[in-house]
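Asker: The chain contents come next:
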Amino acid sequence: MSDLTAAAWPGASPTRPEARRFVAGQGRYLDDIDMAGMLQVAFLRSPFARATFDVLDLEAARACPGVAAVLTGQDLLAVCAPWQTAFATLPTHHSPPQHPMAVGEAYWQGEAVVAVVAETRAQAEDALEQVMIDWSPVDAMVDPGAALQDRALPCHPDLASNLALDRRIDVGDADSAFAGAAHVVTQRFMFGRQTGVTLEPRGILASFDARVGELTVHTSHQAPFQMQEIFARQLALPVEQVRVVCPDVGGAFGIKLHAYADEMAVVAMAVLLGRPLTFQPDRLESFLSDVHARDARVDARLAIHDDGTIAALEVDALFSFGACSIYPRSSLGEALQALDLCGCAYRLPAVRGRVRGAYLNKVPTGAYRAVGQPIASAVVEQLLDHAAAAAGIDPLEIRRRNHLSCVPDDGKPHLSATGMAVGPLSLDACLNRIEEQMSYARLRTDQAHWREKGVYRGIGLCTFVEMTGVGSRLYGPAGIRIAGKESVRLSLTPSGRITCRTSATDQGQGVRTGIAQVIASTLGVALDEVLVTSGDTATDPLGGGAWASRGIALAGEAARLAAAELRANVLAIAASLIGVDVNGLGIAGDSIIDDAGQPVRSLRQVATAAHYDSSATALHPLPPLTVERSFAPADKPYFMANGVQAAQVEVDIDTGVIRVLDFWVVEDCGRVINPLLADEQVRGGVVQGIGAALYEHCVYDDTGQLTNASLADYLVPMASEMPDIHVSHVSTPERATLLGAKGIGEAGTVGAVGAIWCAVNDALRPTGQRVWQQPFTPSHVLEVLYPEDTAPGSADR
Amino acid sequence: MDKHANIVVMVNGQTRQLRVPVRRNLVDMLRHDLGLTGAHVGCEHGVCGACNVRVDGVVVRGCLMLAVQADGAAVDTIEGLTATGEIAALQSAFVERNALQCGYCTPGMLMTGAELLLHETCPSRAVIRDAISGNYCRCTGYQAIVDAIETAALARHGETAS
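Protein chains in written order, with our numbering: chain A, 825 to 1621; chain B, 349 to 510.
Next up, chain B with everything else stripped away, as it sits in the complex (with noise of 0.2 Å):
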């Protein structure tokens, strides 16, 4: 009754060759296949971003695409962005200005900042606090998370200035 399909994905730059039920989607795939927990389901209807991921360079809901979608493409998690250090001034500023509490929403909301500072330099909180619409907080009110996207684009932009 379920059908499979064999699909290939390179996650976090590692070649994956997996058997999926054809109805399963990409979040799901990567928390129970893969063990890859860091991606969370907060709403399954593609609202509330704990589940963002990056597909071929693009962040997108993991909710919202099936696995098999994902057959020939780089999936990479927030687990594979801390491997490279990718991110890890972004994951300083946030732990320094505690942005995040639970930290539930924290995984997904790293790939959209992290997503935002590859597009933008310098940000302003205006635009931060758009791009980061999409994906909801109920712990923190938004603005540490704002600040830290900020501390970290100035440093950034700091680096890349000098």
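So here's chain A without its partners, still in its complex pose (with noise of 0.2 Å):
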């Protein structure tokens, strides 16, 4: 390959074309969108979380200046039905149907309930407060463990019960590993409610034209395909008329992933009014209507030999889901996963474990970056150190005596005591690299001489596994219109450049990046002369969009695919043009090169011929000049990249003041493709883990109010609290594609909680007591240092 193409290839780390336009302020996300005609929505709230309502008069709404409509979940029922969460693959989970707005009662505080249109949103909050509403509230099911008992209310008509989710695994004899341990170690664990706070709200620009009768839909959002779908059979409309576009889009996370009642409500009214309508929710509404995440109670324990070699292991989580199940992915995917993943990284000879979800009169729950998978290992994880303390072992060395063992490298599916299939893992080579980024031996010496002078540092160690690249079986099969395939569509343009038109989305990771490098180092051109774009239904190949660490791992593969074949297709044309075998010619640059390396044609020569003058070759048909391929995983479900994550911290004894001093990241995501964008993806999703494990808290109190619904009381990682993060790599390249790359976005967040955890409780173990609430405010450290001067009740913080 020629220097011209150097800049683009997979290990170089080209900028991201957008974001020169980012540091100009010329992003273009939804709110910064003007459509003519256009109007603004605004809602309002169930204020309780569970109440009937009788809308007594919506006139004085009406009367007021600018409004142009007021609408109830009623009206809506005439052109938007009901939808209802299903997963074929798990038939006995039951969800509420969903209306766009709440019909008679609203089970969550946040649950729209009415809406108004008008030319400002202020104009439209000012006409909300006229609305004449009469509330009955209904005691509200708060508490998971009220909600699974017997003749408990279920929080919902609809629902014979509380119980969304009731799975179990076991596998060996765990009774009598548990009976013979050399030790037994036990941990509750209380992962707090998050929310994903995207700096952007979520945000919709419906336009429905009736003359054509197409619907148009500017979303931030990650999945235009699924919305298009779901927008098309909501609202009785042909597929081909509907056309989602995602805008810039102001981070996402897998909280833009999810179909909101709000937005479709939006749509709706779009249908039903004839005008552009736009919605925002606020930061104040984000809190109450962005699906919230983790909120897990988990029971675990942990039996190891003298050797510290894992003997088996238990896990009983109970999640807290909101008042319905997310639309179309379902809640249960956080629930599902930190059991699926759990111990995925060892040797486990037995296994026990139970996970169910409680349906609550809360805001709904759905996925959030890393999904289960932080809390699955972070359990393990925690369990294993205080394993390694009962049994005098190093933390590091009792991981790597219980790491699972080198799978074969033969393409052959290897399951995990849960039935996770694990491929080819690298968890040793991890480990050893982290242990000498860090100067572990070091840092254990120096944590000696600081405990002498009473400073209490803690390391910690987090070794995780986690899904890539997930594919079709996930939805497939549960019945679910997701494409667990991503494409691209390839073409040479008349001009001589190369577009790309890919169903793999972007909201900052720079996986348009990473695809016009495979591109353009596969056809031999330069990096600039490759135009990624994507985000339109109506432009883009069908698939996935952002979500399970996909869009480098999947679309990079068909684009890797798509270029070969645009290549050859290529080569063919301008062999016949020229007259000479195909075999000598190849790309460099702008150019068709013989074998000497000398252009004989440009490219864009190549293309007008092919374009507009066939007929000066005599190749018939034409090799086609656009090229659309897909791929996902066909022989297994995912790729299953793995880490070794690594903190040190220092708990302020006195105050209860936890921080984070340092940080390290030792990631196996195989191939990488751009080292840059890859490691700002890890730093990204290990301060998300961070904020998790000290900071983030949905504080519900027992009437189901959310009562820190702002970003004054819900805190989040700002920069002075963070540390810098070493991040390097190990390579294991993924059998599966040409590529090599494994997906990259989530693996920070899987592995910090971990870490942040056994930290932690590493430097209170000389007091002999453990943080296990998270997020481990000062007050839950104080806590559970001084419990002899807690205060009764104070523990719920």
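Treat the hints with care, since some could be wrong.
To be verified - Listed below are several chain B residues computed to face chain A (Cβ distance under 8 Å; list not exhaustive):
1. G451
2. C470
3. I480
4. S481
5. R486
Unchecked claim - Ranges of calculated distance between the beta carbons of each label pair, as one might list FRET restraints:
6. B:A353 to A:Q908: 28 to 36 Å
7. B:G405 to A:Q908: 52 to 60 Å
8. B:H505 to A:D1437: 57 to 65 Å
9. B:G405 to A:R1428: 49 to 57 Å
10. B:H505 to A:S1555: 31 to 39 Å
11. A:P871 to B:G405: 38 to 46 Å
12. B:K351 to A:P915: 53 to 61 Å
To be clear, the hints were calculated from the coordinates, so they are not data collected in a lab. Note that beta-carbon positions come from the ideal geometry of N, C-alpha and C, so glycine has one too.
Work from the hints to combine the two standalone chains into their complex.
Answerer: Right, here's the structure in full:
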């Protein structure tokens, strides 16, 4: 390959073209889009966790200045059918149906009940205050334990019980293993309820042109094809008449993956009113309407032999969902994956697990970055640390003794004890690398020295495996119309440039740049001759979008295949045009070159001839200059990636404040296409994990009110609290693809939570106390350190 | 019902006469009355920093200031700072270091970074982190942003030193 394409090669770090626009303030996000005749929507939301309501009078609201319409859930039944989440592979999972706006009864604080459509958002909000509505609060179900008791009131009348999920696994003989173990360690874990806090809130702009029957929806979303299918079905429109466009998206992280009732309401109203309607929840609304995540109580224990090897693991997890199962992916993912990924990095002779999910009168829960995997790894890693202490073994050593042995690289599926397909992993290599990177031995020596001075520093490790590039087996068989493949459509344009439209959407990851690198290096052209775009169902080939760390792993592979095919076609046409053997030709930069490396035609000349003067070549039919390819893993459900993370923290035992001093990640995501972009995905993910462990918590009171629904009260990580994060890689190329890349988007979050758990409890080990309730607020740290000082009831926070 | 006022504001060096609802905040005025969509809205309660703009030389929250309070003031947005080239080196440092992902926090972050570099020639990483602690970023985890501001500071210091 020539020097011209060196900058594009997988392993190089070219910058993203869109970064230039963004630093100049030229991003185009949902609220930046103006459409003639556009009206604004505001919602009245239930102030109660559960209440029936009577809309008494809307005329005063309708009479307010600028108001075009005031609508209720009842009005929207005329154009939009209710929907109900179902998972065919889990038929016992029942969800109440959902309406775009509540009809007669609301089931969580924040559920939209009445909509005002007006010229400005301010006018719409003014009119909301004039809506006369009578509320009758109903007893709300807010505690998962209470929700699952016999004869507990279901949190929705369509539910027979609040049990959303009850899944068990039982492998090997856990009872004997626990009975005969040298050491058994136990821990209760509370993982606080969180939300995503994307800086740009969700947003939707819907426009229905009745003249041609076309619905166009601009939406700050990750999965345009998913939403195209849903809007078409719910509004009884042919899917070909629905176009979904994702503009620049200001952060997503899984929060913008779901079909939200308020967004569906906007689309339904746009059809009903025939005017373009736009809506973004403001920050306060976002806390009460964006999906919530995590929120689990886990009781777990680990049995080990004298030499520290694991004999058995037992996990009992109870997840707190919301009032329904979010559509279309369900609220199950977090819970299922928290159990499925438990212990996957280790040799596990016996495991008994149970995971339950309880419906509650709270905001519905759904996928948020890393989906259950942070919980799975934190539980096992924390237990391993306790086991290490019980057995007198170093925590790093105990992991080394238990890591899953090298799975043979024979392309055959190998299953973990929990039934997960693990391919070749590099756990020991990652552990060895991190040991060296962090100077582990010296940190331990320093730790002892600091402890003598009364300074409590802790070192925490977290080995993790994670699913990436999840393919078609997750949703296809479940009867959910979400594509598990990613696709590209690659063209040589008449100007001689390469355009690529892809289903892989980009919310800042830089996946389009990675794909451009793959295309440029496969074709042999310069990077800036390749233009990659995505986010429009009208022009992109169908595919999944952005979720489960799939962009470069799947769309990159599709791009590699398509580029190879396009290259062959271009050379065949060129050979025919010139009248030479195709085997002597190549592509370098903007030219076709001969076997001496001399340019013999420009790409533009070949393209122009092919498009406008195909009589110039004897080749009939002409090989296509547009190639479309898709890729999803075929022989396995996903690509398993792995890594180890480590944190060093300092706990002030007088104030309870925890400082993260340093952080390391050794990640194996296979072949790294763009190290700059990959490492930044890891860093962002790590900080979200640190945020989970130390700061973030949706605090509900016992009436189902979210008490801290603002950025002043829901604490998110800011720069002065965060460490520098050292990232390095081990590389086990993915065998199932030519590209060899696994996914990287969620890895940081998968392992960071466990690393902080372990580090904090490592710091506190001399005190004999341990934290157990995440986030580890100063008040929680002080409660565990000084239980005799704690007033009753203060343990709730 | 919506009271309006006539105001005169110098925006990015250009005098603009506007009639705005008195309750409209500054960032909404910039975005919707003037089409300057570079300043973003993230929280409307002064915490996230996405709306940072410069008013009479000082970076403030565009969401905590009313448009009418900017009557007679000079307001600079990311568009203006870009047009004059004032922060070109900082912007390039951000691009090179990938100190942005979704880009939503970026204009506000650049405002803060630029103000820091006006007052500090060689800020330490700790000082940089402290200075940007009023700018929420969910994507980057901040390290790349600190790197970029540090790089720009060192380059500027190198320029003035030589």
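Asker: Per the CB criterion, is I480 (chain B) less than 8 Å away from chain A?
Answerer: holds (5 Å)
Asker: Would you settle whether the hint for C470 (chain B) is holds or violated, based on the nearest Cβ-Cβ distance to chain A being less than 8 Å?
Answerer: violated (18 Å)
Asker: When the nearest CB of chain A is found for S481 (chain B), is that gap smaller than 8 Å?
Answerer: holds (4 Å)
Asker: Does the hinted range 28 to 36 Å hold for A353 (chain B) and Q908 (chain A) at CB?
Answerer: Distance hint for A353 (chain B), Q908 (chain A) is violated at roughly 51 Å.
Asker: Double-check G451 (chain B) for me: the hint is only fine if its C-beta lies closer than 8 Å to a C-beta in chain A.
Answerer: holds (3 Å)
Asker: Given R486 (chain B) was flagged as interface, is its beta-carbon under 8 Å from a beta-carbon of chain A?
Answerer: holds (5 Å)
Asker: Within 52 to 60 Å: is that where the Cβ-Cβ distance between G405 (chain B) and Q908 (chain A) falls?
Answerer: With Cβ atoms ~57 Å apart, the hint holds.
Asker: Could you check the hint for me, namely that G405 (chain B) and R1428 (chain A) are 49 to 57 Å apart, CB to CB?
Answerer: holds (50 Å)
Asker: Between K351 (chain B) and P915 (chain A), does the C-beta distance stay in 53 to 61 Å?
Answerer: With a Cβ separation near 59 Å, K351 (chain B) and P915 (chain A) satisfy 53 to 61 Å, so the hint holds.
Asker: Given the hint of 38 to 46 Å, check if P871 (chain A) and G405 (chain B) actually sit that far apart at their C-beta atoms.
Answerer: Distance hint for P871 (chain A), G405 (chain B) holds at roughly 43 Å.
Asker: Between the beta carbons of H505 (chain B) and D1437 (chain A), is the distance compatible with 57 to 65 Å?
Answerer: holds (59 Å)
Asker: Note whether the CB distance of H505 (chain B) and S1555 (chain A) lies within 31 to 39 Å or breaks it.
Answerer: About 38 Å separates the Cβ atoms of H505 (chain B) and S1555 (chain A), which means 31 to 39 Å holds.
Checked against the numbered hints above, the structure violates hints 2, 6; every other hint is satisfied.
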